[in-house]
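**Student:** Residue-level listing of the chains:
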Amino acid sequence: NAGVTQTPKFQVLKTGQSMTLQCAQDMNHNSMYWYRQDPGMGLRLIYYSASEGTTDKGEVPNGYNVSRLNKREFSLRLESAAPSQTSVYFCASSEGQGGYGYTFGSGTRLTVV
Amino acid sequence: TQLLEQSPQFLSIQEGENLTVYCNSSSVFSSLQWYRQEPGEGPVLLVTVVTGGEVKKLKRLTFQFGDARKDSSLHITAAQPGDTGLYLCAGLNLRDDKIIFGKGTRLHILP
Numbered sequence: 001n002a003g004v005t006q007t008p009k010f011q012v013l014k015t016g017q018s019m020t021l022q023c024a025q026d027m028n029h030n031s032m033y034w035y036r037q038d039p040g041m042g043l044r045l046i047y048y049s050a051s052e053g054t055t056d057k058g059e060v061p062n063g064y065n066v067s068r069l070n071k072r073e074f075s076l077r078l079e080s081a082a083p084s085q086t087s088v089y090f091c092a093s094s095e096g097q098g099g100y101g102y103t104f105g106s107g108t109r110l111t112v113v
Numbered sequence: 114t115q116l117l118e119q120s121p122q123f124l125s126i127q128e129g130e131n132l133t134v135y136c137n138s139s140s141v142f143s144s145l146q147w148y149r150q151e152p153g154e155g156p157v158l159l160v161t162v163v164t165g166g167e168v169k170k171l172k173r174l175t176f177q178f179g180d181a182r183k184d185s186s187l188h189i190t191a192a193q194p195g196d197t198g199l200y201l202c203a204g205l206n207l208r209d210d211k212i213i214f215g216k217g218t219r220l221h222i223l224p
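The listed protein sequences derive, respectively, from chains P and B. Just so you know, we're using the numbering used here here: the first sequence kicks off at 1 and counts up by one. Just so you know, we're using the numbering used here here: the second sequence kicks off at 114 and counts up by one.
If we strip away everything but chain B, and leave its shape as in the complex, we get (with noise of 0.2 angstroms):
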């Protein structure tokens, strides 16, 4: 079974403080994206990357993709309460070309 492995499964931190999440895994994947879901909501898609050892920025998010590009990395610098929700990766595997997802990290900042 293919799986990617996200951690901490929880994270909960103030309001300024740095932070990282994981998206791990033994397989490689074509491509990795991170989705951010609020409670009520769908995912919505932050960002995609595709070449191992890109890294791309939105904003105070920054997105690392493994050199092997078997996982992958979500910075955030100077959290804020609005960055709080569940962050899903997903990865396209390379050997069947299907999508899979990760089972998120809760991330909760307080004020």
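The following block holds chain P by itself, in its conformation from the complex (with noise of 0.2 angstroms):
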């Protein structure tokens, strides 16, 4: 019962490179989602997406792209990171708006330098 993978688990960038965070659920769920963690700030919804097909911004979208490559494969894209972009990042799949909760992966921890 593998849930939420997301890869890698860590990176380290320089700034103005690029990279796409992987995120695969296997519980047929129809949204996901992607938050960002940063101390004091709390979890942040950067992009989701409510089916196959469709994606949406959340609250802190900017200089992030997304793509929903099928049910189970959400992406992040950071096409020019910057040092802003250092946090834990978050990939999560729920059954429909997530009023029954979310399943969480186990994240990625990015450092831009």
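For the record, the hints were derived by calculation from the structure and aren't laboratory data. Just so we're clear, the structure is a prediction, and the values are computed from it rather than from any experiment. Glycine residues also receive a C-beta, built at the ideal position from the N, C-alpha and C atoms.
Partial list, computed: chain P residues near chain B (C-beta under 7 angstroms):
{"#": "1", "residue": "Phe-104"}
{"#": "2", "residue": "Gly-105"}
{"#": "3", "residue": "Ser-106"}
Combine the two chains into a complex, taking the hints into account.
**Tutor:** Here you go:
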């Protein structure tokens, strides 16, 4: 029972480099989410996908793009990384709008130098 | 801006003591969840409450949803070191069907 799988676990980037964070879920959930977690700021929603083929901006979308590749996979891309994007990134999935709770991945710790 | 305020922000108590942490808002929620997050891991769902006044128990943890569905509490009886972690509440806002998270209570249980 894998749940939500994120890769990589850790990443260091130089300013201006690009990378894609991968996320896959095996629970047949319709909705998937990308959050970032920073000290004192809590969890902030970057982008979400309510169903395969749709994506919407969350609270802090600038500097990011997403792709809902299929029902299982939802990737987050940083085109030109900035130090302000140093954070821990979590992918999550839910059935419906999340009113009965999310299943989170174990996170990607990203440092941009 | 919709907010879920959690209090206290930090709590450090001795093993065996009881504690209560709170999650408050001026908004009404369709449902409210509690999560526990350990260092280096993602949040793990503990419980979802959906009915005003609802009480759910999970071993030594008791969760209550306020009658007006604007607030919730988590009570831990006889805290143990394994209860250490960041406790997050999250609510599905009735008005716009969006989930919002509180910033969490960081709990440390001293052996």
